[in-house]
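Quick note, the sequences are listed as chains B and U, same order. Residue numbers for the first sequence follow our numbering, so the first one is 1185 and each next one is one higher. Residue numbers for the second sequence follow our numbering, so the first one is 1185 and each next one is one higher.
Bear in mind the hints are in silico, worked out from the structure with no lab data behind them. Since this is a predicted model, take the numbers as computed values, not measurements. Careful: at least some of the hints might be erroneous.
No copy labels: a pair is met if it fits in one copy or bridges any two.
[Unchecked claim] Quick list of in silico lysine to any residue cross-link-like pairs, SDA-like style, CA-CA up to 20 Å:
#1 K1301 x N1316
#2 K1286 x E1335
#3 K1198 x P1233
#4 K1290 x D1215
#5 K1198 x G1336
#6 K1212 x T1334
#7 K1198 x T1253
Number of protein chains: 2
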Amino acid sequence: MDFAVRAAKPEDCKAVSRMIMELAVYEKMPDQVKISHKELEQDGFSAVPFFHCFVAEVSGEHKSKEGHTTVGYALYFYTYSTWKGRSVYLEDIYVMPEFRGKGIGKALLSNVAVAAKEQQCVRLQLSALDWNTPSLDFYFTKGAQDLTATEGWHFLRFDGEALDKLAKEAPRN
Amino acid sequence: MDFAVRAAKPEDCKAVSRMIMELAVYEKMPDQVKISHKELEQDGFSAVPFFHCFVAEVSGEHKSKEGHTTVGYALYFYTYSTWKGRSVYLEDIYVMPEFRGKGIGKALLSNVAVAAKEQQCVRLQLSALDWNTPSLDFYFTKGAQDLTATEGWHFLRFDGEALDKLAKEAPRN
């Protein structure tokens, strides 16, 4: 089956939003998704976008059971390492279950790697859940290192009241 | 002791670069630092900067043993959650040892939280090493959650040959 990977346009946000929810269901946290295609359109396509995105498409004759032709996405943004410099962070990569095993995930990941190299980035980073063996195996096969396992890096988050409280405590200069 | 926190300027990059190395020594990986103040100037102060930074300063009369008045920094960038939207990632936060316990770290962190709220970000995220109990305690006291411990998120990285290989495997569309 042929497919194509291309940079997402604002009009792809509905399809991306649908797949964000499908991925959250797979990750067992569907109630966590609070944003819609409208926020994606705003946040990804402004003068200084908060993210970039690739989508994978198949032709109409290979559409999904529900009639979708946009069957995968990879959403990423540029970050920075104070040790190594420019980096890319892959927030999400997803291929609809019925389209797996055809190289679409690999093509999406490779396109993000190309974007990284074009911007002189030296790293492509991401996170994965420790129980998600199929994904971990996919990344390890392609040469990823698990920095939590080897160096002990843990992910921390402030949100909600904790973030509000921090912001309120800023000294006035 | 009085101190002030302000947005970094290009001319602060030498001081930030010095403190990046001090932090890497503390984190037991000084040989990992490959970038200098020149890359910081380029990457942080272009039209679409890869990062933003606050510095903490003391007056000349309170300068460090080596004569430094820039005694801390917090380096961050904007990221994106496909579940919650706009986020901030705190890459580094550091206060020189002889200036700790004076609220400088807290002030730097709070200023990043203010920047996050100003951009309608709903999360401030960071990573810390699992053996770095003083830092972890500092963050936990302020309300941070450890997502590696509670949800099982692991940090993965592609770099060097693994990243080159990924980029070379991109299908030509």
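Is the C-alpha distance from K1198 to T1253 at most 20 Å within one copy, between copies, in both cases, or in neither?
-> within (12 Å within a copy, 51 Å between copies)
Status of D1215 relative to K1290 across identical chains (alpha carbons, at most 20 Å) = neither (28 Å within a copy, 32 Å between copies)
Is the C-alpha distance from K1212 to T1334 at most 20 Å within one copy, between copies, in both cases, or in neither?
-> between (26 Å within a copy, 14 Å between copies)
Homomeric proximity label, K1198 with G1336: Cα distance no greater than 20 Å | Result: close neither inside a copy nor across copies, 38 Å intra and 29 Å inter.
Is it within, between, both, or neither for K1301 and N1316, if the alpha carbons may be no more than 20 Å apart?
-> neither (28 Å within a copy, 33 Å between copies)
Quick one: K1198 to P1233, C-alpha cut-off 20 Å, is that within a copy, between copies, both, or neither?
-> within (17 Å within a copy, 29 Å between copies)
Intra/inter-copy verdict for K1286 and E1335 if alpha-carbon distance must be at most 20 Å = Neither, since 34 Å and 30 Å both go past 20 Å.
Of the numbered hints stated above, those contradicted by the structure are hints 1, 2, 4, 5, listed in ascending order.
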